[in-house]
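Enquirer: Below are the chains, spelled out letter by letter.
Number of protein chains: 2
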Amino acid sequence: MTAGPPVIEACRTIRPQILAAQAAGRRVGIVPTMGSLHAGHTSLVEQALAECDDVVVSIFVNPTQFGPHEDFDRYPRNLAADCDLLSRHRVRWVFAPDKSELYPPGHATRVEVTGPAEPFEGRLRPGHFSGVATVVCRLLQAVPANAAYFGAKDWQQTLVIRRMVADLGLPVEVVVCPTVREPDGLALSSRNAYLTPPQRQRARALSIALEQARADWQADRPVTVITAGMTASLETAGITVDYADVVAAETLEPLEDLPPETPAIALIAGRLGETRLIDNLLLPPRGDTAC
Amino acid sequence: MTAGPPVIEACRTIRPQILAAQAAGRRVGIVPTMGSLHAGHTSLVEQALAECDDVVVSIFVNPTQFGPHEDFDRYPRNLAADCDLLSRHRVRWVFAPDKSELYPPGHATRVEVTGPAEPFEGRLRPGHFSGVATVVCRLLQAVPANAAYFGAKDWQQTLVIRRMVADLGLPVEVVVCPTVREPDGLALSSRNAYLTPPQRQRARALSIALEQARADWQADRPVTVITAGMTASLETAGITVDYADVVAAETLEPLEDLPPETPAIALIAGRLGETRLIDNLLLPPRGDTAC
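Going down the list, the sequences are from chains S and E. For reference, each letter of the first sequence is one residue, going 1 to 291 in the working numbering. For reference, each letter of the second sequence is one residue, going 1 to 291 in the working numbering.
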């Protein structure tokens with residue numbers, strides 16, 4: 001077993017280290033996570049390592065982005081296993097703050113995003129993106145990194161963060177990295193650990209529905225037909241569909257009034273028992289039949 | 001006429017200059033203003049100059065902190081006069097951004113503060129403190145100063161900003177400077193320019209009511225008596241009272257359930273015709289009859 005990177009718990013400790021690295025001309029990247037790390041996270045770490053001199057991985061299960069009936073309490077936590085995994089990568093620091101580090105006594109401030117935060121997850125999980133925006137804003141003050149790495153699996157989250165970063169002028173580059181998938185297509189997610197083996201089998205339907213959407217899209221089928229097709233195959237697999245839609249990739253707006261060359265994305269969210277999974281796929285330009 | 005400090009309009013221009021000054025070991029202070037500068041502002045500038053190596057004065061009439069029926073359109077603006085006034089002080093930069101610099105196209109992010117932002121001005125001016133918190137957060141990204149200077153005249157605003165700075169971990173020291181008053185006691189405010197000469201005479205009632213509250217407080221009169229006294233003298237002067245209260249200075253909570261040594265403040269807001277004025281006075285510890 002290799003010694004992992006040092007684990008830092010205090011904002012007042014990590015921040016001077018970041019500033020010192022930057023003063024020495026080093027580019028610093030942060031990979032914000034909620035821990036329970038998997039190969040999706042390590043792909044973010046690897047991309048950060050390729051583009052930065054030093055990489056921080058933050059691990060914090062952020063209470064404010066969970067709804068009252070969501071899985072905050074049972075969300076998997078295993079800092080030792082996470083550090084062990086990160087010891088196999090060239091991560092310079094792990095930042096694992098206590099709640100009180102990021103939410104001091106009497107905390108009364110939220111960063112609220114409208115626009116891309118409103119539909120889909122925003123409608124189904126009130127307060128979720130406010131919690132995300134707030135904690136990312138706070139994290140980026142403690143760790144004023146040059147670049148922050150997020151996975152495309154949480155596509156809407158990346159739009160919300162890019163919007164907040166632009167609007168507040170946070171001096172960080174937001175980098176969105178490709179979704180990592182299991183061999184059968186299931187997008188990696190810490191919540192996959194909740195699935196029973198039969199549910200895990202059925203969860204393949206998410207990526208299959210997205211591939212079907214891409215084929216339908218390339219065959220120039222109407223969006224209503226594509227979304228009906230995704231919904232039907234998810235339901236056939238016993239997945240309760242929260243949404244299955246094709247919208248503008250950058251704004252999540254309906255495509256109908258937009259120019260045909262607007263980049264599009266298929267977005268789905270569904271539930272297998274208690275477990276809620278989301279996935280998405282950027283669609284190629286219409287009429288482009290290349291793979 | 002002296003040449004004024006250079007006026008910078010772009011975030012991407014001012015920020016590197018601040019960082020370069022700091023890299024050279026210089027402490028930078030910012031005095032955020034809406035322009036229409038008076039001796040209250042220059043006292044902030046002088047305190048910043050006493051404590052910092054370089055001082056930025058930002059001038060931006062922030063639309064998001066005005067309600068739809070407030071005075072955004074008629075708020076006094078005179079950048080040339082402001083720069084002329086600042087040329088008599090050792091200000092290094094004036095930062096006077098366009099609206100689009102601070103609110104880019106598609107802007108969809110607000111910083112929302114509850115707690116100290118809720119009563120008084122928060123109740124009477126919905127969205128006001130969210131606008132203040134948002135623009136100050138944005139300004140402090142463009143101008144990552146070591147210290148930011150605010151006037152005690154807008155006492156509740158200073159609490160909101162301190163709360164936001166603590167909660168988001170913004171790396172800035174918030175400095176609150178004493179209110180500057182006219183010889184007759186009227187607190188300096190850009191909005192005093194709206195007053196007709198007879199209104200200006202009557203506006204003395206605000207500071208007189210606060211002094212009376214202080215005397216009543218030191219005479220150990222009950223808060224209900226003190227607030228009734230303030231309200232009566234304001235009304236006698238023809239001022240429509242929005243509020244006149246004595247509360248905990250740090251939280252704006254009612255004093256009744258708090259320890260007797262809790263620092264207290266008298267807060268008033270009232271209207272003279274179309275012009276709304278606010279003022280406040282920190283109260284000495286109860287029973288302390290020194291001046």
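Derived from the structure by calculation, the hints contain no laboratory data. Built from N, CA and C at the ideal position, the CB exists for glycine as well. A couple of the hints might just be wrong.
Distance ranges between label pairs, derived from CB positions [to be verified]: (1) S/Ala-193 - E/Thr-262: 43 to 53 Å; (2) S/Asp-98 - E/Gln-201: 50 to 60 Å; (3) E/Ala-50 - S/Asp-98: 32 to 42 Å; (4) E/Glu-235 - S/Asp-73: 52 to 62 Å.
With the Cβ distance kept under 7 Å, some of the chain E side facing chain S (calculated, not the full set) [unchecked claim]: (5) Ala-96; (6) Lys-99; (7) Ser-100; (8) Val-172.
Enquirer: State for each hint whether it applies.
Expert: Verification of the hints:
no., hint, in the structure
1, S/Ala-193 - E/Thr-262: 43 to 53 Å, "49 Å, holds"
2, S/Asp-98 - E/Gln-201: 50 to 60 Å, "57 Å, holds"
3, E/Ala-50 - S/Asp-98: 32 to 42 Å, "37 Å, holds"
4, E/Glu-235 - S/Asp-73: 52 to 62 Å, "55 Å, holds"
5, Ala-96, "16 Å, violated"
6, Lys-99, "13 Å, violated"
7, Ser-100, "12 Å, violated"
8, Val-172, "10 Å, violated"
Of the hints listed earlier, those the structure fails to meet are numbers 5, 6, 7 and 8, in rising order.
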